[in-house]
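Visitor: Sequences and hints are given; from them, build the entire structure.
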Amino acid sequence: MRSSRVAFALAALCFASLAEAHVSISSGHAQANKSQKITFGVGHGCDGADTVKVRVELPAGISSVRVFSSDFGKPTIEGTAAAVTAIVWTKDAADLLGEDYGYYELTIRARVGDVPFTSIPVKVFQTCRTAGGVETTVAWDQPPGATTGEPAPLLHVVPGRITGWNKYTLATAVPAAKLGTFFGDAQIVWKGNSAYSANAALQPLITDTPGVTALTSDLAAGDVIWVKY
Amino acid sequence: MRAAITVLLLALGTTACGDDRTPAHVDAGAGADAAPDAVTATVGPCLDRPDRLDSTPTGQLPCDLISPGFQP
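Here the protein sequences come in this chain order: A and B. To convert, take the position in the first sequence, counting from 1, and add 1; that gives our numbering. To convert, take the position in the second sequence, counting from 1, and add 45; that gives our numbering.
FYI, nobody ran anything at the bench for these hints, they're computed from the structure. All values derive from a computational prediction rather than experimental measurement. All C-beta atoms in this analysis are idealised placements derived from N, C-alpha and C, irrespective of residue type, glycine included. Treat the hints with caution; some may be incorrect.
Restraint-style ranges between C-beta atoms, simulated for each label pair [said to hold, decoys possible]: (1) S120(A) / G104(B): 34 to 40 Å; (2) A202(A) / G114(B): 20 to 26 Å; (3) G114(B) / R67(A): 37 to 43 Å; (4) D109(B) / S28(A): 25 to 31 Å; (5) P117(B) / K35(A): 33 to 39 Å; (6) T137(A) / G114(B): 49 to 55 Å; (7) G193(A) / D109(B): 42 to 48 Å; (8) G104(B) / G150(A): 45 to 51 Å; (9) T81(A) / G104(B): 47 to 53 Å.
Pulled from the structure, derived: some chain A residues nowhere near chain B, Cβ distances all over 12 Å [to be verified]: (10) L97; (11) Y105; (12) K124; (13) P145; (14) A172.
Which residues of chain B face chain A? A few of them, derived with a C-beta cut under 8 Å, are [as the list claims (entries may be wrong)]: (15) L106; (16) S112; (17) F115; (18) P117.
Guide: So this is what it looks like as structure tokens:
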């Protein structure tokens, strides 16, 4: 009974991972208040069919958009050059793959607003076509935690940084469960005498250092933290 | 004969790896011209690799990871 539960949990985890892997943001965290490249990775088509079109809706807070051409296909924009609201990359019909084995990267350059420690959902609509010409569109547009539909890729925004120590005063709360999301690439994070590290080798050192406790609580707006990258 | 070969092999092995209780560097007065590279090459394979330690030697956070705002 126990083994079947474990197998079910693993299967569910595997399925969830596959579902999230179709369209994701492969460029990593974005830095707040800065222009940068943001890349969408399309890891799978739809039920064995190749992807032929990807439409990305740009949410509020993403501006100064410039679009990169892709091996996938040429991009077009919706809105105006000064205020792009969506981008559509379309594959040439001659490039359609007979099966789903392609991986595509679609990149824009854009400025992300000054909203560190937030996650911005970006709605993506993926259209696939079978070798027989049947088209389907999958909407990746659901917010985190939705129980129906497909999740929108999340653009995790972090503050600007330098190598070494960075001191931040939080403008928004960061739940403890999100520490790994926002500080996964930091060496260590400190709030007062409490420390957090996603590095498993450092975690026992934190608890074994006199005067130091593990940081496991939520961070509140106004908290001052030190982060070493 | 077999015993003699065994003793000889053990002696060669000990010589190749050095002895933990023997200082790695030769005293300057006794052999200032001894080549450090040669010494390292001889004992190197028998030493722990510092970058492969499981944790810091003290088992506590190294100083460079202690926050500037830390107040013990």
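Visitor: With reference to the structure, classify each hint as holding or not holding.
Guide: Checked hints:
no.	hint	in the structure
1	S120(A) / G104(B): 34 to 40 Å	holds (36 Å)
2	A202(A) / G114(B): 20 to 26 Å	holds (23 Å)
3	G114(B) / R67(A): 37 to 43 Å	holds (40 Å)
4	D109(B) / S28(A): 25 to 31 Å	holds (29 Å)
5	P117(B) / K35(A): 33 to 39 Å	holds (36 Å)
6	T137(A) / G114(B): 49 to 55 Å	holds (54 Å)
7	G193(A) / D109(B): 42 to 48 Å	violated (19 Å)
8	G104(B) / G150(A): 45 to 51 Å	holds (48 Å)
9	T81(A) / G104(B): 47 to 53 Å	violated (60 Å)
10	L97	holds (49 Å)
11	Y105	holds (38 Å)
12	K124	holds (39 Å)
13	P145	holds (31 Å)
14	A172	holds (19 Å)
15	L106	holds (5 Å)
16	S112	holds (4 Å)
17	F115	holds (6 Å)
18	P117	holds (4 Å)
The structure is inconsistent with the numbered hints 7, 9, although it conforms to all the rest.
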